[in-house]
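**Q** What follows is the residue order along each chain.
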Amino acid sequence: MKILVPTKRVPSSDERVRIRPDGSGIEDAGLAYMINPFDAIALEEALHIREQRGSDVEVIAVGVGNADFENELHTALAMGADRALRIDFDGSLDPWSVATVLAAVAQREKPNLVLMGKQAVDDDANQAGQMLAGVLDWPQATFASKIEFVEPARLSVARETDRGLETILIQLPAVITTDLRLNEPRYASLPALMKAKKRPIETVSCQDLGISPEAKVRLVRLEPVTIDRTCERVADAAELVHKLRYEAKVI
Amino acid sequence: MTILVVAEHDGTKVRSGVYSAVTVARDFAKTSGDNVELLVLGSGLDSVAADGARFGHVIVADHPLLANPTADRYARIIADVAKARDAVSIIANATTFAKDILPRAAALLSAAMAGDVTGYSFANGELLLRRPMYAGAATGVVTLDGRPQVITVRASAFPSAEPLDRSQECTAWNVEASKLPNHSEYVGLESRPTSRPELTEARVVVSGGRPFRTSEEFENYVGRLADALNGAAGCTRALVDAGIAPNEWQVGQTGKVVAPQLYVALGISGAVQHLAGMKNSRVVVAVNTDPEAPMFSIATYGLVGDVRQIVPELIRELGK
Chain A
544 MKILVPTKRV PSSDERVRIR PDGSGIEDAG LAYMINPFDA IALEEALHIR
594 EQRGSDVEVI AVGVGNADFE NELHTALAMG ADRALRIDFD GSLDPWSVAT
644 VLAAVAQREK PNLVLMGKQA VDDDANQAGQ MLAGVLDWPQ ATFASKIEFV
694 EPARLSVARE TDRGLETILI QLPAVITTDL RLNEPRYASL PALMKAKKRP
744 IETVSCQDLG ISPEAKVRLV RLEPVTIDRT CERVADAAEL VHKLRYEAKV
794 I
Chain B
111 MTILVVAEHD GTKVRSGVYS AVTVARDFAK TSGDNVELLV LGSGLDSVAA
161 DGARFGHVIV ADHPLLANPT ADRYARIIAD VAKARDAVSI IANATTFAKD
211 ILPRAAALLS AAMAGDVTGY SFANGELLLR RPMYAGAATG VVTLDGRPQV
261 ITVRASAFPS AEPLDRSQEC TAWNVEASKL PNHSEYVGLE SRPTSRPELT
311 EARVVVSGGR PFRTSEEFEN YVGRLADALN GAAGCTRALV DAGIAPNEWQ
361 VGQTGKVVAP QLYVALGISG AVQHLAGMKN SRVVVAVNTD PEAPMFSIAT
411 YGLVGDVRQI VPELIRELGK
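Residue numbers (the numbering used here), protein chains in the order written: chain A, 544 to 794; chain B, 111 to 430.
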């Protein structure tokens, strides 16, 4: 069984996002990056499935981007991925173009399962997995918080929805996008990282895949969000209720 | 041409968030001269269709195989309807229903999509969409190439549409069962029953954080205050992780995004991920023992103190 884990490289969550004065994007000089946390959860789940089911499971981490991505893919190897694959691309990406790249990778690698994060914490789009499933005409289970094999090629997935926890059964091959509560990703140890850095990362060009990804979502500008509220301190419950009733008029 | 509103429903009526999507669709139509049509999918949709018809012509995809919202089937129908009606835009309100299904429908149409849209403008005939990025720390202004454009809108960011003077027609969509995908199966939904309004639709939301250590405690303070205000109850991620509150009550970057008239944060320090889910609320009240809690920095009113003491006092004051 082959599990493909597409990952995205995003600014580290420890970093405060600063927007360039011209609004063309975020200030990326000196910025630290990491694997998108939801993708790390997907990778953890893939490793967990391998540990449960044995050595016939192969876990392949995938990244779409320029050579800078190698750092995060080495982290994926250090966490335990069997192989890492980088699709070399330096242009602008959106969920649609990512889905077309990943569909080409899926056709080449023929995985049984694609596990990826439900959204990336930079653009918060929450689309690529669903689009990939649509392009491949595979079943999908989004926002997964529990994954269980019920048959060799049939999975039960619990999904976090607005209405509650929904359970669906899906036939492999399939795309699953992972939510926060699925697992707690392991850390890559320093020795494992050192060792992983020596391992090669397979690089494939878009030309090799026979595709030319084109983004359809264009970012015109990025604006900072400021909240212009000044907190008025109140003394007690009575004053608060009075303010809500007669000043803010919300109750 | 058509602006298609995919209308989520509860089996009887369309959900109130759909009204906001209709508002956006009507406004687009004012500029373009297109028709606004609603699409409902499900099984046994007579009352849903009649409810939707108050807002526009309804296309009804009614079939036992559509009884539950499985993305592969629903996306296929949405894409087929969009093609048949020559849709220029497909709009839905941003819930997990639409977030699951619409990107897949977009892919079937090779269409671009923008999710969680909170505003828009037109410049030189081009639609500029505003949407939150980086956990709400930034707003991206984006354009979508090609047609149709697939959009989910945050219901709280737009007013509700008014029904038309008279109901429009409903047209049955011919569901070709043999062509529907058949590789996923709906099993069931597990949710904690609540008589309170849905979080994303409520005018008032009362949320609790770490001070509440059991479900009973949460109910006694957060739940009771929510009831006193006819509001919904929400919580932080920590409470869901601890099993104190069900995950559909979580407010934040990865939970629900709410923007009610009044948001009351009880013992919530104000992590950036939580703020992403509520900071656009009109009035924010923070109650916390720690006067330095970040929640105070985005609050309208702040009260320093113990929630266990303050909540019963608030309920008493509200009863006066």
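For the record, the hints were derived by calculation from the structure and aren't laboratory data. Hints should not be assumed to be uniformly reliable.
[As the list claims (entries may be wrong)] Residues on chain B that point at chain A, a partial pick, calculated with CB under 10 Å: (1) 211; (2) 235; (3) 285; (4) 287; (5) 291; (6) 292; (7) 295; (8) 418.
[To be verified] Some chain B residues well away from chain A (every beta-carbon gap over 10 Å; in silico): (9) 160; (10) 310; (11) 351.
Idealized CB from N, CA, C, for every residue including glycine.
**Q** Hints numbered earlier in the text: which of these fail when held up against the supplied structure?
**A** As far as the earlier hints go, 2, 3, 4, 8, 10 and 11 are violated by this structure, in ascending order.
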